[in-house]
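These protein sequences, in sequence, are chains F and X.
Note that our numbering numbers the first sequence so that position 718 is 718, with each residue one more than the last.
Note that our numbering numbers the second sequence so that position 42 is 1042, with each residue one more than the last.
Treat the hints with caution; some may be incorrect.
Unchecked claim - Computed cross-link-like contacts, DSS-like style, restricted to lysine-lysine with a CA-CA straight-line distance of at most 27 Å:
#1 F:K334 x F:K645
#2 F:K442 x F:K568
#3 F:K539 x F:K610
#4 X:K1143 x F:K201
#5 F:K607 x X:K1143
#6 F:K425 x X:K1042
#7 F:K444 x F:K568
#8 X:K1143 x F:K667
#9 F:K416 x F:K249
#10 F:K538 x F:K568
#11 F:K645 x F:K241
#12 F:K334 x F:K568
#13 X:K1116 x F:K356
#14 F:K671 x X:K1116
#15 F:K101 x F:K249
#16 F:K444 x F:K610
#17 F:K334 x F:K610
#18 F:K667 x X:K1116
#19 F:K425 x X:K1065
#20 F:K334 x F:K442
#21 F:K667 x X:K1042
#22 F:K671 x X:K1065
#23 F:K444 x F:K381
#24 F:K602 x X:K1143
#25 F:K602 x F:K334
#26 F:K645 x X:K1042
#27 X:K1042 x X:K1065
#28 F:K241 x F:K101
#29 F:K249 x F:K425
#30 F:K610 x X:K1042
#31 F:K568 x X:K1116
If you're looking for bench data, these hints aren't it; they were derived computationally from the structure.
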Amino acid sequence: MSKKRISRRKFLVSGGLGTLGVLAVGTYLFRNPIRRGIAGAIDTGETPYMGNTSSPIIWFEVTSENEIVLHSPKVEMGQGTFTSLAQMAADELEVSMEQMKVIHATSASGNMDGFATGGSTSVSALWVPLRELAATMREMIKKEAASKLSVLPTEVSVNNGVVLAAGKTMTYAEAVANVTEWDVPDTPELKEIKDYKYIGKPIARVDLNDKVFGAPIFGMDATMPDMLYGSVVRSSAIGAKYKDAKISKAEGMPGVVKIIKEPDFVGVVAHSLIQAENAKNAIDVQWEVERNWQTADIEAMIEVGKGEPFIIQKEGDAEDILNSEEGVVTSEYKSPIGAHAQLEPNGALAYVADDKATIIMSTQVVKISRDEIADRLGLDKDQVNMVPTFLGGGFGRRLHTPNAIQAAVMSKAVGKPVKCFFTRKEEFQNDTFRPPTHHVLKAKLTQDGMIEAMEHNVSSGDVAFGSPMVPSIAAPILGADLGAWRGGMIQYGAIPNYRTISWRVTLPFATSWWRSLGLLANTFAIESFMDELAISAKKNPAEFRLAQIQDNDRGFRLKEVIKAVVEKSGYKDEVVDGRAMGFAVSTDANTPCAQVVEVSIKNKEIKVHKVTCAMDPGIAVNPDQVRAQCEGAIIMGMSASMFEKMDVEDGQLTPTIYGPYQMALMKNAPKEIDVVLLQNDDKPGAVGEPPLGPIGAAVANAVFRLTGQRLRSMPLKLS
Amino acid sequence: MNISFHINGKPQSVEIADENTPLLWVVRDILDLKGTKFGCGKAACGACTLHVDGEAIRSCSYAVKFAEGKQITTIEGLGNEQNPHPVQQAWIEEIVPQCGYCQPGFMMATAAMLDKIPNPTDEDIDNNIINVCRCATYYRMRKAIHRAAEISAKSKSSIETQTTSS
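All chains should be built: construct the whole structure from the sequences, respecting the hints.
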């Protein structure tokens, strides 16, 4: 056991929660320095926890009530991460789930992930470090308890947060009380998976009661004494640059505290939200608009052959084979601009005073938000404390939050806390949209119906390159936008010749991360095309795909989900009683997922009755929440594939409200969703995004069976 | 002007400059009941649904002046951990919420529907529950709505049994 004597100052901090001790076990990160980058997350789903190791990092608190408070560096946006992390910690700490509390780590706690919460990586990134930290802390507590009980450490056992030794007991809270120095042992061996009590079990969400009884847990619910309300003028026009504003009319309006004119924006601070909004509407802003954009302009930009091409996948010689026109099947597909439409608008509550800033907000990028605010206010980074809240939906919308800067600037100007949120119209017009795409697919079949060569060309607006998470220097190095090609590579490794080419286009409005990134559109295109090929080869679409998959680990897992979904759904490539089944499969971030849908059509309206989904995320830390993610992702994917579409009219993005922005509602949700979970990997993988992949193509493929009509554009509408 | 109503069973009066202020902001910012959510401000998403005299109302588009003399119930008054409303009990049993932001609006809409239609069909649910959930928890919500109907029916029948036997 290495003796790293760490002073109480560094490892124990008194807190406001009746805290007895805060254990910050940061040594792990020194032993395993983490240097892998963001690209790993996109392809394999493996993005490590990228914490700051220079100062103490708070992970766990033991409260006087003998509860363990986990400070999560990952935010909870519905994906269930808090619950999975609590299960992982509880199992190694030997405490009950009832004793585990999970809160968002503030940036001041030091436990801040430099990556983000996104990419379906939270559980996989913390799978090893969190359990090692918990196991280390358990051993530290055992040693302290042994010393306090005057027994040998080997005589000590633990259960449900209580130390037992020689007939005596001591709670963890008692064990950590008044400890001034800690020995940090070498990291203990982790338990075997089969010995876990909570990991792998369908434990109820830890945030369930808060969310059922209306607790004020979201960013928009935050308040502070003397809080004022801010509102920022945002342009409706694409590409509008703020020039100047006439504010005299707004200045005298009821409740107005101050009009704030900055070089890049103008905003109002008032005593109530309504007053702030009213005054904002009285400000006359001059915008500089370069062009009156229309949908047709955008569609003309998003076209394979325009922009910069990058070959991102190449095997054999597809180019030559597909150059001859004879026997080559070619198809095109399109997807529209998609909005995030998360229910809680973006915003922040900021309090800037005495060279300190406190920002309470729902964000997926705690560190980026903090650094941007510090930069704008001219503060050191550690003078800005980010207090993350539960997110009223994330979906990638909160991976860039410049609105927090505006709240902070306005708070500094009035010396009081200022809460400032987007209106719904502002959300719809200032979103970081899912970019529209255009796909051209080509393939040639052999005489016995195997794919000899296949090519996927995808043109897309920026995804990763539209985000401050990817430094601008990365674009020329990486070339292709790794977000745009997520799901765009051909997953059928038994095809001897294939390649994928990504065409990059930068659009005049912001496009960036949207749950599953390119997966939704790319899978729609590739898996619709695979269906077309299966039909020309006169083969069962599922069997046709199985034949094109290579024999390796990845191929094995892919085949297994296909077989599982076929078996569970009773998949048949035929129409029965006016209903048809459609099949599609994708691999996203190393998680394969296959789906079969059952649809009927009435008055040209597509009705999805049942979805069967087989997914292999490796270890499902919480199988119930993995199922919940599949159910939600399937319906959200249906919504995006069948209903949603933003247009550009006279220079503005439209529509600007739910309803006109059509989405799947209760009436559109399938009555049956059957999820089969496979486990052909020995660690947890991506969950939140992979099940969005197959649904669009599965629906389109079923519609083709029923009608003979091949729907090549999302949203899927019958003519 | 002064407006008086009952909220979650208690009398309440508020002094408000603009009587057309949406009830949502009075509930959230003056009465500090944050369970009722802002989603769109145009009665298009249902996140702000609460009950006025037992009816499900989208409070972002309901002027506070109309609340005079009315009984208002928000998610905080629907039930609590010790005594959950059948809808809340069902939501817990089915583990419905994901991000959770829209869920109070859905639960309030469901509770109001069950008062009128104690045993709703799937079609009743499709026609009456028209709020927006971006996490798309609709599949579990539908199960929870049916379960809530069962819980209500059971508790009613047990009350009737007690009444008969006493």
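Take a quick look at whether K607 of chain F and K1143 of chain X sit within 27 Å of each other, Cα to Cα. Holds, because 19 Å separates the two Cα atoms, which is no more than 27 Å.
Agreement of K249 of chain F and K425 of chain F with the hint, judged by alpha carbon distance not exceeding 27 Å: 23 Å, holds
Check whether the Cα positions of K1143 of chain X and K201 of chain F lie no farther apart than 27 Å. Satisfied, since the Cα-Cα distance of roughly 21 Å is no more than 27 Å.
Given the proposed pairing of K602 of chain F with K334 of chain F, does the C-alpha separation stay at or below 27 Å? 25 Å, holds
Within a Cα-Cα threshold of 27 Å, do K442 of chain F and K568 of chain F meet the stated pairing? 32 Å, violated
Does K1065 of chain X sit within 27 Å of K671 of chain F, going by the straight-line distance between their CA atoms? 41 Å, violated
For the pair supplied as a hint, K444 of chain F and K568 of chain F, confirm whether the alpha-carbon distance does not exceed 27 Å. Violated, at about 32 Å.
Hey, K671 of chain F versus K1116 of chain X, does the alpha-carbon distance stay inside 27 Å? 23 Å, holds
Against the 27 Å threshold, does the CA-CA distance of K645 of chain F and K241 of chain F hold or violate the hint? 25 Å, holds
Would you mind confirming whether the straight-line C-alpha gap from K425 of chain F to K1065 of chain X stays at or under 27 Å? 26 Å, holds
Given the hint that K334 of chain F pairs with K610 of chain F, test it: the Cα-Cα distance must not exceed 27 Å. Since the Cα atoms of K334 of chain F and K610 of chain F sit roughly 25 Å apart, the hinted pair holds (cutoff 27 Å).
For the pair we were handed, K538 of chain F and K568 of chain F, check the Cα-Cα distance against 27 Å. Answer holds: K538 of chain F to K568 of chain F is near 23 Å, not above 27 Å.
In this structure, the earlier hints numbered 2, 7, 12, 13, 15, 16, 22, 23, 28, 30, 31 are contradicted, and the remaining ones agree with it.
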